[in-house]
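Student: Since chain A is already given, all that's left is putting chain B on it; use the hints.
Line by line, the protein sequences give chains A and B. So for the first sequence, our numbering puts the first residue at 1; every next one is plus one. So for the second sequence, our numbering puts the first residue at 1001; every next one is plus one.
Just so you know, these hints were derived from the structure itself, not from any lab. All clues given are correct.
With a straight-line Cα cutoff of 30 angstroms, these simulated DSS-like cross-link-like pairs (lysine-lysine) come out:
| id | chain 1 | residue 1 | chain 2 | residue 2 |
| --- | --- | --- | --- | --- |
| 1 | B | K1185 | A | K277 |
| 2 | B | K1185 | A | K295 |
| 3 | B | K1185 | A | K92 |
| 4 | A | K185 | B | K1277 |
| 5 | A | K81 | B | K1185 |
| 6 | B | K1015 | A | K185 |
| 7 | A | K107 | A | K55 |
| 8 | B | K1295 | A | K185 |
| 9 | A | K107 | A | K153 |
| 10 | A | K279 | B | K1185 |
| 11 | A | K185 | B | K1279 |
| 12 | A | K15 | B | K1185 |
| 13 | B | K1092 | A | K92 |
| 14 | A | K61 | A | K279 |
| 15 | A | K185 | B | K1092 |
| 16 | B | K1295 | A | K295 |
| 17 | A | K185 | B | K1081 |
| 18 | B | K1162 | A | K295 |
2 protein chains.
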Amino acid sequence: MSLVVVGSVAFDSVKTPFGAVDEVLGGSATYFSTAASYFTDVSLVAVIGTDFPEKHLTFLKSRKIDIDGLERVQGRTFRWKGEYGYELNEAKTLDTQLNVFQTFRPKLPESYRDRKVVFLANIDPDLQREVLEQVKQPELVACDTMNFWIAGKRESLIRTLKLVDILLINDGEARELSGEPNLVKAARAILSYGPGTLIIKRGEYGALMFREGRIFAAPAYPLEAVFDPTGAGDCFAGGFMGYLANTMNFEESNIRKAIIFGSVMASFNVEAFSLDKIKSLDYGEIRGRYEEFRKLTHFEDLTS
Amino acid sequence: MSLVVVGSVAFDSVKTPFGAVDEVLGGSATYFSTAASYFTDVSLVAVIGTDFPEKHLTFLKSRKIDIDGLERVQGRTFRWKGEYGYELNEAKTLDTQLNVFQTFRPKLPESYRDRKVVFLANIDPDLQREVLEQVKQPELVACDTMNFWIAGKRESLIRTLKLVDILLINDGEARELSGEPNLVKAARAILSYGPGTLIIKRGEYGALMFREGRIFAAPAYPLEAVFDPTGAGDCFAGGFMGYLANTMNFEESNIRKAIIFGSVMASFNVEAFSLDKIKSLDYGEIRGRYEEFRKLTHFEDLTS
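Isolated chain A, as found in the complex:
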């Protein structure tokens, strides 16, 4: 099955203790689509400016990502500049230039409207709903958001949350959205807003899934060389949603597997700047790391 994603395509300038890159391909929808493309067909909805080079379009097409919904308008592409310290936990944003993203109103090509799986990356919750209205009969809808919308557009965000099946956010966002410092209580509050499943991303500490009173804890893959965490959350979402779109099985056991595939894609992504690592994986490497997660977490039951 194929998956439609709306989000940003951007140029990132990133500095970490291990190097720096200038105006490389980035953006939530770019990372998401690339990660998801290993599992399913992806239809991308985003906006770029006249400065966006052909080589990046060629790359997206090489990953068989449908870019009919990638609108090009007069002006400059979204730019983000950030820096990480040795902890590599949270980026310090140095500069954000929305440019053409500022007035983005996503329009789905006719061919996208019968997609069954939808991912609304971190954009204005008003726009998230506009996108959703353009999809005829979605079977699975997931979204991301950020502190900017939680603080500034809370009411609209809550309306979006009523329409989604799965919310993926980080722990700080979960605390801010719910007003609860304890994550278990925060999760219960957030599930009461609408989503049946909440996934809390915790960076180097992995992810937690909350659903129908149950919790699943997945670790992050311990890596010895983390170069750049930019896009890790989007790659997590891409692997996660890509696997669900591929299997069209939304039972909890499959959602748990999807979380591991998300963790796998995030772990590859942080091993290099920009999309350098995830642009050319093979499915064997992905399966191999999934199996590594099995070994990483395995312990016997009490009858063994």
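Tutor: Chain B in isolation, oriented as in the chain A frame:
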């Protein structure tokens, strides 16, 4: 098999956002012994002052903890005062009065010297080695330490590490001990100092085990009511070492199970102040939470 532990017995005064307690029973060896007592016989080596009340001795004896090695000397018992914020991650120490602990030189009763499993809680690394020299033929030795010794008695600590099989420390201590911000690299460096197994405790994020090139990741149990994290690391060590002493099986599969039992005991401990929760568990509750950890971490392999 029985287990000998050396560490502190103290009075703790603790304030968290959920309450406060004054001069309650605490100390690394107290938490450790109580947690371990659900799995094996425990022989305690520590020091108390003349102010230590009979009721606490009665409690320790009720847990079948051997207190022949609990020396009582003239003076006041060790006191610690700390406070936690809403994050409940790290205590802010407000006051430490070593009192009789200042001049403590642990002496093992003759009856302790043939113990096969030894835990050296966080004390001066010189004393850790003195204790070890008094044990005839230990089969498993583990130790804890802290930033105070890493910074102030590094050379002595490294000498102790050459003699231990398992080191249990937290992530900040692992980074400080190795000088490496990346935990995988930090672990490799620390294993080169001597211990065959390193366990890194990460509080609410669980624990990581490093051993012979392999890694095991255990989550912490997501709790909705964390009242007081004091002693969680010691309870982890107590459950972990207690289970190993009970089974006397030091293979990796059993070490992984022991890590889950450690996590179980830590999770119970933080649900109440002092030893209030772990002083009266039954083994059914412990097994039940172990099974909860199985459900919490379970995901299928790729052939399912």
